[in-house]
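Start counting the sequence shown at 120; every next residue gets the next number (this note's numbering).
Think of the hints as simulated: they come from the structure by calculation, not from any bench.
Since the model is a prediction, treat every value here as computed from it, not as a measurement.
Honestly, I wouldn't trust all of these hints.
To be verified - Mimicking SDA-like on lysine to any residue, the simulated pairs with C-alpha atoms at most 20 Å apart in a straight line are:
| # | residue 1 | residue 2 |
| --- | --- | --- |
| 1 | Lys-242 | Ser-267 |
| 2 | Lys-242 | Gly-160 |
| 3 | Lys-242 | Gly-298 |
| 4 | Lys-242 | Ala-203 |
| 5 | Lys-242 | Asp-159 |
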Amino acid sequence: MSCPGCGRSLAGPPAVPTALFPDATVRRCFGCGSRLLIGDGTVQVLTSCQGCGLPFVRGIARTRRCGDCGDGQSSDPLADASVAGATESELRASLASTLKFVRAPRVTDYLERVARSLRRGVKGLDDDPRVVLFEDPCPRVLALPSASLLISSGLLRFLADEAELAFVLAHELAHVASGDAATRLVRIGLGTMATSGDRYEEPWAAAAVDVMRLGYGRAREQQADEDALERVVAE
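Whenever a hint applies, use it, and build me the whole structure from the sequences.
Here's what the structure looks like:
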């Protein structure tokens, strides 16, 4: 099995399931960096829609917009504060029963000090960042619309120093400030409920895992990197 983008044989970490594509798995090509959807003996390239931000299968035409956005059926990215707030409430309740949260006040206080130092001067961040730790050997982080950052124990073990930590936190805060976090969580959450049926007891938690695994798309990730670098250098 090889990547349709670069032809490189697929190797490395195993493919992972996602709630948004319940009948397939997703993995990343180490050759070209493409996200690949694997199912029924086929390998297809995933890309993020420039309209709604959701990942979709890119066809031969290499369009940058999903079918709904291309047909004019999808609205502009969601930015309604009440919708984002309701989504986060549902997500928090769902995650409380699926993640193992960790209490480590000294670590949390330190992480929040770093995050709040990076928040200064960032447009779109109305709330002080809060950090919530959870037990997971994989390096994972999730930014919520309220600027709460869910950070895995595996990420803390993976980072080498405070400079790397600051960059990761600034990157996630950039997604909050730009509206990426709110838009993606709402859309993937609704998409998960529409496509997975009763497969998941906690569809919002499954949506959160999808965001951590699928990211926000290359363009949005690159912009968040640029914003994060600017904030870290400014500090």
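- Query: Are the Cα positions of Lys-242 and Ser-267 separated by 20 Å at most?
  - Reply: holds, 16 Å
- Query: Between Lys-242 and Gly-160, is the straight-line Cα distance small enough, at 20 Å or below?
  - Reply: Not OK: Lys-242 and Gly-160 at ~46 Å, beyond 20 Å, violated.
- Task: Decide if the proposed pair is consistent with the structure: Lys-242 and Ala-203, CA atoms, cutoff 20 Å inclusive.
- Result: Measuring from Cα to Cα gives roughly 18 Å; hence the hint holds.
- Query: Going straight from one Cα to the other, do Lys-242 and Asp-159 come out at no more than 20 Å?
  - Reply: Answer violated: Lys-242 to Asp-159 is near 45 Å, above 20 Å.
- Item | Given pair status - Gly-298, Lys-242, alpha carbons within 20 Å | holds, 11 Å
Checked against the numbered hints given earlier, the structure breaks hints 2 and 5 and satisfies all the rest.
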